[in-house]
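*Asks:* Sequence:
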Amino acid sequence: MASYFRQVPNFDYVSRTAENKAISDYVPVKNLFKRGKLRDDIFGNLSFFTKYKIIGDERPDNVAFNIYNDETLDWVILISNNILNIQTEWPLPQTSFDAIMLEKYGSYTNLNAVRHYETVEVKNVSGVIIVPEGLQVPQNFSVTYYDYSLEQEVTKSSITVPVTNLQYEEKIENDKRNIFVLKPQYLNVVFNDLDNIMPYKKGTTQYVSDTLKRGDNIRIYQ
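In this note's numbering, the protein residues as written are 187 to 408.
Mixed in with the good hints, there may be bad ones.
Dumping the calculated BS3-like pairs for lysine-lysine here, alpha-carbon to alpha-carbon at most 27 Å [what the hints assert, rightly or not]: (1) Lys223 x Lys239; (2) Lys388 x Lys220; (3) Lys223 x Lys362; (4) Lys237 x Lys362; (5) Lys369 x Lys239; (6) Lys369 x Lys220; (7) Lys216 x Lys399; (8) Lys388 x Lys399; (9) Lys223 x Lys387; (10) Lys216 x Lys388; (11) Lys357 x Lys237; (12) Lys223 x Lys237; (13) Lys220 x Lys387; (14) Lys369 x Lys223; (15) Lys237 x Lys369; (16) Lys399 x Lys220; (17) Lys362 x Lys239; (18) Lys399 x Lys223; (19) Lys216 x Lys387; (20) Lys357 x Lys309; (21) Lys290 x Lys357; (22) Lys342 x Lys309; (23) Lys239 x Lys357; (24) Lys223 x Lys388; (25) Lys387 x Lys399; (26) Lys362 x Lys290.
The calculated label-pair distances, taken between Cβ atoms and stated as ranges, are [to be verified]: (27) Leu270 x Asn374: 23 to 31 Å; (28) Lys239 x Lys388: 39 to 47 Å; (29) Gly292 x Asn382: 47 to 55 Å; (30) Arg225 x Phe283: 33 to 41 Å; (31) Arg245 x Asn326: 39 to 47 Å; (32) Ile272 x Asp226: 19 to 27 Å.
These are computed hints drawn from the structure, not numbers from a lab. Even glycine gets a Cβ: it sits at the ideal position worked out from N, Cα and C.
Let the sequences and hints guide you as you build the complete structure.
*Replies:* What follows is the structure, encoded as structure tokens:
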């Protein structure tokens, strides 16, 4: 299978570079608005996918090689998770994460300062959850409830833990590590869909071929 961008058709855009003086000069560019996607009956069905956890500094091409033995299928990994901006939606390399965090918070002291407090899980003697884990609450948060097994009122205090800025940011990054990968046996379905999606269809004034459209030359009207 060819790489994704080799499948994307071209668009002739009127040249605006200084060396091109003629009004008929065009520059071919990839039409990034012509975007491939998984069809809804696949994207919304978990049976087509497998859970995957990104390890360390793995990139989409590394994951594609691990799953499909083909690093050029990194685009399948991205569209399977509807990732449009890899800079913000994919886990950062550790060195980049460290540098960005230090720049964002200004110092290691600020980075390790307490951001907020969260609850620990509280259950009654019957195992029923009274307070779930991970709620953002004040440091002195407590809960009082009537435990029918003990036939008495129970107060739980000291049920919060501090969360630092670093821990908060690391959780955001770690959440990005849990992705879904399309099972290899369904790749041909995606390839066939891409073959149908990407070619231009005849019938418009901009149509040149299945792989090329030409934009209006605005220089003519200036």
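*Asks:* State for each hint whether it applies.
*Replies:* Hint by hint, here is what the structure shows:
Note on Lys223 and Lys239: the hinted pairing holds, with a Cα-Cα distance of about 22 Å set against a maximum of 27 Å. Taking the CA atoms of Lys388 and Lys220, the gap is about 15 Å. The hint holds against a cut of 27 Å. Proximity of Lys223 to Lys362 is assessed by CA-CA distance (about 20 Å); at most 27 Å being required, the pair is judged to hold. The hinted pair formed by Lys237 and Lys362 meets the criterion: a straight-line CA distance of about 12 Å does not exceed 27 Å.
A C-alpha spacing of about 15 Å is found between Lys369 and Lys239, which places the hinted pair at or below 27 Å, so the restraint holds. For the hint pairing Lys369 with Lys220, the CA-to-CA distance comes to about 25 Å; that is within 27 Å, so the pair holds. For the hint pairing Lys216 with Lys399, the CA-to-CA distance comes to about 10 Å; that is within 27 Å, so the pair holds. For the given pair, Lys388 sits about 10 Å from Lys399 by alpha-carbon distance, which is consistent with the 27 Å threshold.
Using a Cα cut-off of 27 Å, the hinted pair Lys223 and Lys387 holds, with the two alpha carbons roughly 18 Å apart. Our distance criterion of 27 Å between C-alpha atoms is met by Lys216 and Lys388, whose separation comes to about 19 Å. Under the criterion of a C-alpha separation no larger than 27 Å, the hint pairing Lys357 with Lys237 is consistent with the structure, at around 18 Å. For the proposed pair Lys223 and Lys237, the alpha carbon gap of about 19 Å is at most 27 Å, so the pair holds.
Distance hint between Lys220 and Lys387 is fulfilled; the C-alpha atoms sit about 12 Å from each other, no more than 27 Å. The suggested pairing of Lys369 with Lys223 holds, with an alpha-carbon distance near 16 Å, which does not exceed 27 Å. With a C-alpha separation of about 10 Å, the suggested pair Lys237 and Lys369 falls inside the 27 Å cut-off, and the hint holds. For a cut-off of 27 Å, the pair hint linking Lys399 to Lys220 stands: about 12 Å separates their Cα positions.
A C-alpha spacing of about 9 Å is found between Lys362 and Lys239, which places the hinted pair at or below 27 Å, so the restraint holds. Taken as a hint, the Lys399 and Lys223 pair is honoured in the structure, with Cα atoms around 21 Å apart against an allowance of 27 Å. Restraint check for Lys216 and Lys387: the C-alpha separation of about 17 Å stays at or below 27 Å, so the hint holds. Distance restraint check for Lys357 and Lys309: the Cα-Cα separation of roughly 25 Å lies within the 27 Å cut-off, and the hinted pair is therefore satisfied.
Of the supplied pair hints, the one linking Lys290 and Lys357 holds, its CA atoms being roughly 16 Å apart against a limit of 27 Å. For the suggested pair Lys342 and Lys309, the alpha carbons sit about 10 Å apart, so the restraint of at most 27 Å is met. About 14 Å separates the Cα atoms of Lys239 and Lys357, which keeps this hinted pair within 27 Å; it holds. Between Lys223 and Lys388 the alpha-carbon distance is near 22 Å, which keeps this suggested pair within the 27 Å criterion.
Using a Cα cut-off of 27 Å, the hinted pair Lys387 and Lys399 holds, with the two alpha carbons roughly 10 Å apart. Simply put, Lys362 and Lys290 have alpha-carbon atoms about 19 Å apart, close enough for the 27 Å limit, and the pair holds. Restraint check, Leu270 to Asn374: a C-beta distance of roughly 25 Å satisfies the suggested window 23 to 31 Å. For the pair Lys239 and Lys388, the supplied restraint of 39 to 47 Å holds, since their beta-carbon distance comes to about 46 Å.
Under the hint 47 to 55 Å, the C-beta atoms of Gly292 and Asn382, about 52 Å apart, fit the expected range. For Arg225 and Phe283, the hinted distance range of 33 to 41 Å is satisfied, since their beta carbons lie about 35 Å from each other. Checking the proposed 39 to 47 Å range against Arg245 and Asn326 shows it holds: the Cβ atoms sit about 44 Å from each other. Distance hint check for Ile272 and Asp226: the Cβ-Cβ separation is about 23 Å, which falls inside the suggested range of 19 to 27 Å.
Of the hints listed earlier, there is not a single one the structure fails to meet.
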